[in-house]
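Student: Put the two chains together into one complex; each comes in its own frame, and the hints tell you how they fit.
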Amino acid sequence: MLRLAFPLVSHLPPWKPPPIRPRPLPARRYAASATATISSSTTSSPPSPPSLPPLSPSSAYVHLPFCRKRCHYCDFPIVAIGSSSGTAPSRVEVADDPRIVDYVRLLLREVAVTRPVSDDGVPLETVFFGGGTPSLVPPLLVAAVLDALRGRFGLSACPEVSIEMDPGTFDAAKLRELVGVGVNRVSLGVQAFQENLLRSCGRAHGVEEVHEAVGIVTACEGLQNWSMDLISSLPNQTEEMWEESLRCTVDARPTHVSVYDLQIEQGTKFGQIHIHLFCAPHIHVLVQFGYTPGVFPLPSDTESANFYKIASKRLSEAGYNHYEISSYSKPGYGCKHNLTYWQNRPFYAFGLGSASYINGVRYSRPRRMKEYAEWVQKLEDGTWSHESRSSDMKDMAMDVVMLSLRTAWGLDLQSFSKSFGKSMALSLCNTFKPFVESGLIIAMDMERQALPHMDFGLDLQNEGDLGSKVAFIRLSDPDGFLLSNELISLAFGVISP
Amino acid sequence: MATATASRLAVLAQRPLTPAPRRRRNAPAPGRAPSRPRALSAAPRGRVLCLAAPASAAASTTDAGQDRLQKVPISNIRNFCIIAHIDHGKSTLADKLLELTGTVQKREMKEQFLDNMDLERERGITIKLQAARMRYVMNKEPYCLNLIDTPGHVDFSYEVSRSLAACEGALLVVDASQGVEAQTLANVYLALENNLEIIPVLNKIDLPGAEPDRVAQEIEEIIGLDCSDAIRCSAKEGIGITEILDALVTKIPPPKDTSKDPLRALIFDSYYDPYRGVIAYFRVIDGSIKKGDKICFMANGKEYVADEIGVLSPNQMQVDELYAGEVGYLSASIRSVADARVGDTITHYSKKAAAALPGYSEATPMVFCGLFPIDADQFEELREALEKLQLNDAALKFEPESSSAMGFGFRCGFLGLLHMEIVQERLEREYNLNLIITAPSVVYRVNCADGETVECSNPSLLPEPGKRRSIEEPYVKIEMLTPKDYIGPIMELAQDRRGEFKEMIFITESRAKIIYELPLAEMVGDFFDQLKSRSKGYASMEYSLVGYRESQLVKLDIQINAEPVEALSTIVHRDKAYSVGRALTQKLKELIPRQMFKVPIQACIGTKVIASEALSAIRKDVLSKCYGGDITRKKKLLKKQAEGKKRMKAIGRVDVPQEAFMAVLKLEKEVL
Chain A
1 MLRLAFPLVS
11 HLPPWKPPPI
21 RPRPLPARRY
31 AASATATISS
41 STTSSPPSPP
51 SLPPLSPSSA
61 YVHLPFCRKR
71 CHYCDFPIVA
81 IGSSSGTAPS
91 RVEVADDPRI
101 VDYVRLLLRE
111 VAVTRPVSDD
121 GVPLETVFFG
131 GGTPSLVPPL
141 LVAAVLDALR
151 GRFGLSACPE
161 VSIEMDPGTF
171 DAAKLRELVG
181 VGVNRVSLGV
191 QAFQENLLRS
201 CGRAHGVEEV
211 HEAVGIVTAC
221 EGLQNWSMDL
231 ISSLPNQTEE
241 MWEESLRCTV
251 DARPTHVSVY
261 DLQIEQGTKF
271 GQIHIHLFCA
281 PHIHVLVQFG
291 YTPGVFPLPS
301 DTESANFYKI
311 ASKRLSEAGY
321 NHYEISSYSK
331 PGYGCKHNLT
341 YWQNRPFYAF
351 GLGSASYING
361 VRYSRPRRMK
371 EYAEWVQKLE
381 DGTWSHESRS
391 SDMKDMAMDV
401 VMLSLRTAWG
411 LDLQSFSKSF
421 GKSMALSLCN
431 TFKPFVESGL
441 IIAMDMERQA
451 LPHMDFGLDL
461 QNEGDLGSKV
471 AFIRLSDPDG
481 FLLSNELISL
491 AFGVISP
Chain B
1 MATATASRLA
11 VLAQRPLTPA
21 PRRRRNAPAP
31 GRAPSRPRAL
41 SAAPRGRVLC
51 LAAPASAAAS
61 TTDAGQDRLQ
71 KVPISNIRNF
81 CIIAHIDHGK
91 STLADKLLEL
101 TGTVQKREMK
111 EQFLDNMDLE
121 RERGITIKLQ
131 AARMRYVMNK
141 EPYCLNLIDT
151 PGHVDFSYEV
161 SRSLAACEGA
171 LLVVDASQGV
181 EAQTLANVYL
191 ALENNLEIIP
201 VLNKIDLPGA
211 EPDRVAQEIE
221 EIIGLDCSDA
231 IRCSAKEGIG
241 ITEILDALVT
251 KIPPPKDTSK
261 DPLRALIFDS
271 YYDPYRGVIA
281 YFRVIDGSIK
291 KGDKICFMAN
301 GKEYVADEIG
311 VLSPNQMQVD
321 ELYAGEVGYL
331 SASIRSVADA
341 RVGDTITHYS
351 KKAAAALPGY
361 SEATPMVFCG
371 LFPIDADQFE
381 ELREALEKLQ
391 LNDAALKFEP
401 ESSSAMGFGF
411 RCGFLGLLHM
421 EIVQERLERE
431 YNLNLIITAP
441 SVVYRVNCAD
451 GETVECSNPS
461 LLPEPGKRRS
471 IEEPYVKIEM
481 LTPKDYIGPI
491 MELAQDRRGE
501 FKEMIFITES
511 RAKIIYELPL
521 AEMVGDFFDQ
531 LKSRSKGYAS
541 MEYSLVGYRE
551 SQLVKLDIQI
561 NAEPVEALST
571 IVHRDKAYSV
581 GRALTQKLKE
591 LIPRQMFKVP
601 IQACIGTKVI
611 ASEALSAIRK
621 DVLSKCYGGD
631 ITRKKKLLKK
641 QAEGKKRMKA
651 IGRVDVPQEA
661 FMAVLKLEKE
671 VL
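Chain order of the listed sequences is A and B.
Residue numbering for the first sequence follows the UniProt record's numbering, beginning at 1 and increasing consecutively.
Residue numbering for the second sequence follows the UniProt record's numbering, beginning at 1 and increasing consecutively.
Keep in mind the hints are simulated off the structure, nothing from the lab.
Be aware that one or more of the hints could be misleading.
[Stated by the list, open to error] Straight line, CA to CA, 25 Å or less: simulated DMTMM-like cross-link-like pairs of lysine to aspartate or glutamate: (1) B/K589 with A/D479; (2) B/K634 with A/D395; (3) B/K639 with A/D395; (4) B/K587 with B/E563.
Because the structure is a prediction, the values reported are computed rather than measured.
Next comes chain B alone, as it looks inside the complex (with noise of 0.2 Å):
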């Protein structure tokens, strides 16, 4: 399952590089220069690299493209993004967009890449190209071309609606060998959304298996567009570049010119930086800013002075002033990314814009699940921890949590299960906390008998049976590509994951779209591994929310010793209770190291047992041998032994190590 492993970390970082936090053991330290990498790293290659921070690294670059700096008329400015698959070629195409228009020279780039590259793995994390504004003559004309990234991945979507809003076009980027992938689709529609003028480029060509005529009927049945003049490229053999280039400056509009508007600028990224605050991405849409404005930012009211503004080339490159059209970053003393919100509009404080750009949101956590440290000492690091990040991710949200087996942690809230997936990647690596992490769940609404309506994303805080009339759920809706071959077994598991069938679409011949509506919860398991697993890693799935639907859902309880045990405490759908809870039991059964006692585990629903399993007890444990004396290493052997004991959870009179949670609740994700 390569594939779906590289492409989630592929998307691992939506923000840039700041200095990390440097607590990990083997942290280079700061200054000296980071070793070569010594062995290769589960990150993807190949990505265009820009390290945002220091302006300091600006310095080497700024001899060979400082005429970047230099102002066009907005009518030779050309904002874009481009949309691609994971794995489609999209940082091969930036890297060979940045040299070939002289804003990174080659030698450096390979630098850079790997210095990198240390820093990836120093991080855990791969860090991408934010924004990068590029000069490009063409015509001896000189233009101004800003590339815009977008995260590639659906809980991300609303952050790239915003960076989407923030361009005039789009180079839609799809692999020659492979077609239009449900991910692609989704980000074009959004593009189309909002007007952008779509560039389809062919990728790859030189790939034997490249079939760009197929691949380019397939964009025109799929998505309507026109691709008689499609761009055939190969970005890693530097084909169709320049042709790129050009299409770019003459198909894609240029801004409008409202310079002489109040200033509305909208963010379309921001991060946070230790030493200077927030740093935020941002697009002029009308009137200009400059350096030492007093700004505002329109959805909190809160006002700043802009210390520093600059563009992204790719370093960070100050500037005294950015007009309408332009794309830059500012710099205003901002504590937290909550005060300077992706989709946020920046007006002048005295004279302000009337009204705030269309589309901004707040961000609603839709995935949720339970982190506690195993070791409970690591608690207020957790928390510590949290707030960091939560500087960086406004749409991390968290609150303490107590459950008898794992003692303190926290109820996290996240926009979808990759970005559940990052934060908890970047607590352990990056802030070196081992956390047990219980299933996913999702918000469930239950109707009391009382008429109130509860949010309860917490299966231990679910109201009694007696008083709850319903309960409802989220559903998704979810659009599945595939090869014809795999329509089988991918309506297999939809079933499985209680889908309802809503439509099957042959894209083309061989390739189909099928559209199933399904609860949100049953696909924040293990749903995409076994979408990837089952098609052989060619299906590819996009869902959004279509609502709350009431369900026949359960809470199931598992009991040690008679004993409840909250934290694997699960909410399911009733026809799924009894297959759950004999996998859960069984499972405990396996984990839990014999006890001097009989023990019972059972999985119940309210006081009625649904599957009971039952350990038995430890028939002898006994070291006869004390040989001359030499007690010392019986002795190791007992402290161990106590050490274990002390490793594990007590429930009730029952010694439960850590990793039969942690098997069971990875067996919740599975099974749920």
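Just chain A, same shape as in the assembly (with noise of 0.2 Å):
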């Protein structure tokens, strides 16, 4: 029965338009403008009222899945295009390429047929185009999604419009025409900044684009907001290369940096790999991936948990804020559509395999092209019916629990205790209190400074006002985001006993 109206999102930093030119604004902004949130939601909200109306989704996810080809730690749904060589950019062809025009039009009719959540005209705040590699779309393509988003749902005045790009997909000219069709913010793959990496998991592209991407894009003009997306963790990285892909980061001044951990995923190339060497080796199946049999180049957990601790140090160092497990930014440049995700607030999703959560249901779109393509013919026809399986009190709980404990905010507890129960956020807290002393989670005050332990214990005691002192806990950086997995099953298994 309870919907997506529940008012955990109360407690979030709140939606702000972002300045037509984004300035850097103090490091506590969110801290700031949460705590007033919180205020104002202790004398308001009662707890959990199911019959608040729903939240519009004020956030919009399309997603592109063209791609020259798949890398090899890929498991997104993407559509491999190839391309007709590995160095020039191909963008004749792919401008022309008809599966790209085609899958345009399906996603136009989906906008076309999705209705908004509600009338009181609340306007898109955000748009992401992910990919795939969005850049490979033609920007008037990106302008026909856009403007049909603006028709549907209402553009606000200053959007944070986001697009994916690959280096080796555009040149200053495609960039300027996304910019000048409404793209104001850039998220570049790079990935890293050595050669040898970048073929052995199977980017598409070379250093020389990498540096090329980058200078394209500083120089854009338009274009202030801009994310350089690393992964860290790479076969055959070493601490070196890394240091050297975080300078190299720091030096192109991006306003935001996106570091992924490789994961190994079943069903990727990294994954049949993993399997070849481990369980059945095939040496032709190595070979061919440029492999040493016997040898699996990745670097060990303890090498990895160090670029991890690497990373967030010289970021750090170089002014940006680690607000999110794998994000950091520079003051007041933090990603406001991923806040969406980590504020557990609606969005719309448009496009294969995407996620969209609307009325506190999340639905995942077909992966295949096909079946997207009649699902889109069902929702026209209205023959499609998305049994509303309403999630439960727990997996609220969790859903807030794991994205929140995600960001440097932290879990508001005593908004968590009025959604959840009392007796839920002090077991939680019980749970957790060997990691406040051990460091991996800190207790913080209202104002978001950080508390000695001994406070955690003491606040614990006094059951009656949990969450007098304490009042938010966070994953401390970068110990306790290293082992965010362990810590938010941790906080599963309180919830889900």
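Tutor: Spelled out as structure tokens, the structure:
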């Protein structure tokens, strides 16, 4: 019965339209505003009112699945369209690729048939073109999608419109065009600054294109906000290489840095190599991917943890806030679209395999093109209905915990206790107590100032007023973040014993 | 090690079939025809199977063998059993005897065999013939032959002795290509003690490797039995079966005619039938019993009315009266087999016999272990299952036990290792329980400082070191028969297990009997498996308790993150404590997942740490990708991780997976 109506989002940083020209804001912007929201929510909102009107999404994710080829680590829903050569961007051929045009048509149909959650006219504040490699899509088609979204849901005066771009898939003119149609944030998939690493993980570009792309992005007028995306723990990556990548990143002065830790997923080429190396070594498979049998060149857990710590250190030193497990930003440049996710707020999604969160229901679209097309057709025919299995309390609580603990703002205990009951909040704190003591978890007061761990214990003893002193808990950076799965799954165990 | 496994499985069921508690998911619905066997089960084949329960099943066989219910003079009754080592062909021979006497038609047997295979599969145990009354005509004179089956394992030597006591003779079946095995020997000695006439039979003479002369000589040398007219047969090929039947008639003495005496009937087996209560199998020694008689069990003095009496042929067939010398069954609404124990004497309530038959004894568990449900919710189910098994197994003892690591469970006592395995197997397969089984232990006698003597079978209940003066442990005398090639490895094994060499005799040129005395605790682990593997399956063994002896025993405790784990405590000999401690801590280090902090794993004697390992902390466990807001997959992974933690047992702050306990317990069985 409980739907998205849940007031959980109220304690998280409120949504504010960003300035047209984003200026660096004070570092504690989110903290301060969040605190303000909490005090208002304590006075006004009743505990878990299921009657609140559903929140209207103000974010939209658009999936553009096309890639030149699939990277060895990738398990996203993508469509590999190949390219004529390994070096020269094949813009012309790509622009004419009927598969892209057909797909965008499908996308537009999905947008057209998706009804806004409410008629209150809440416009979209963020749009995120993710992929795939969205930069392969001709700007005119991106514009068409943006126009459709504007027409259907409205677009705020100064929305955040992000697009993922890969080196080697665009030039200055293309980027200018994109900015011209409304894109104002670029997420540049650099991944690494070493030729051999790029090659061994199957990227379609080399270091030269990386530098070229960084040059184009930094030189682009009208584009202030961009993210450098890196992957750590790639095969054969050394500490020196990682330091080099971070140095190059800092030198490029992006407003945002995303650092993803490589995950070996089943069904990817890395997954295959992993299997072949450890389960049934077939030399030809390894040779095919350029690996030496018997040597899996992935950094060890210790090395990989070290990479994470180095990134945290280097980027903090360079003035970036580590505001989420894998995200760093210059003050004021946190990715507003991604914040929607961490704040457990609703969002639309369009396109192949994309996941939306509307009216408390998360829905993932089909990951195969044919099925997706059929699904859109059904949507138009009105013959598709999603069994609205609304999430129960436990699922809600898990979402809140797993999402908020990913961020530097952490979990709002008072709000959590209000929504899910004091006893659950208490047992959560009790479970976390040893980790507050060992420093993996940090207890914070209303002002988000870290508290000594003794205070946490004292607060727990005064069960009556949990949250009187300790208002938030967060995972420490980098040690707590590094063990986030362990800590969050412990919390899951408390929520669903 | 197929031999060892098969031989253990083969004796799995010493009870006849009772309708299985239908808990297994794939069990066919009652009344529906069982489907054909789909896969070959591990159960050995070729056994005569006898459906004990429904009288209706007998309908098809009555026409052909009705005359076997006819009475013959007592001088024409022959009661016998078959003594044979596993795989030496007892079942095939029994099959052939039933077939040749027309007790079971050939066609019928095949059907029975197949049908029962399904039942076996369903119940997960093998079922064997319990007793069969056959009619055999020799020189135009009708004879009644009663075959009484015996369990073949040392764990059930008491039951064997009672079966033997119900007979006047025995067929000693020896594989002509193999020779005498320790188990056979033990049972032959038991038969001789019971004054049975023994007829040696050399089986499998059709095999190319058969050496009947050598084996006959071996029997003469080892047992001292005249083998000059040993019957050479091949049960499989049907060679020599008539000779065997003739020998049964001519060599085995008839029972004494004591039918005018007060009733004394010896129970040689009993099982629980959920519809009719206990069915007791007995041999009338003196007097006679009629349907409707008021009877009395002499061991406990309980009284019943014999609602139904009958004979087994091999199905249950009702009769009105059974006389001295005859073998049959009765049902009398008896609620538990503990009330109709093997060895007990049945007499008439109104005309009691002066004395019970000799040889009755209570079951004394020799081996103990803890049984804990993996899923704590199954505790009550486990209790019910044990209670049900106990209805049918008077030797099974259990009492509740709790442990911090394992939760609630039961401490169970068994006659021996095989008995323990059977019970465990039945609990898991018939009752769908997932169990953790602690290392088997024996009953120690602790001489306390205050002069008191305490019996202790649970390491965690061992009195404190300060309170005890000494510990005694049970010793067994173990006799191993082996081809001479394996003498070395076998002596090494016995030596390893703190064995004291007693004697070695060459029973033939190529085979030796080695006698050791060693602690029972050293035998309850994998001794038998080791013996088999070190002798490539050729050696056999037999043991008997020789009493308690003082030993340098210590209690070895395991601590994880400074928390003692009671369930992993063991009692070991001082000399072995270090190597056992090292093995256990290493295994635990391998199996406990790394935690968010460093975890010391220690083995201690008292406060002294004798082995120590450290589990380093996890470096990293982070999922950085959370793409396009699709949190479902990530959440699934985290939920799975949370589920994984739930399946673990918290030892202090450390999550220890169930598998770690099980692996360590298994290791304890191996290294102790």
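Student: Going back to the hint list, which numbers does this structure go against?
Tutor: Failing hints: none at all.
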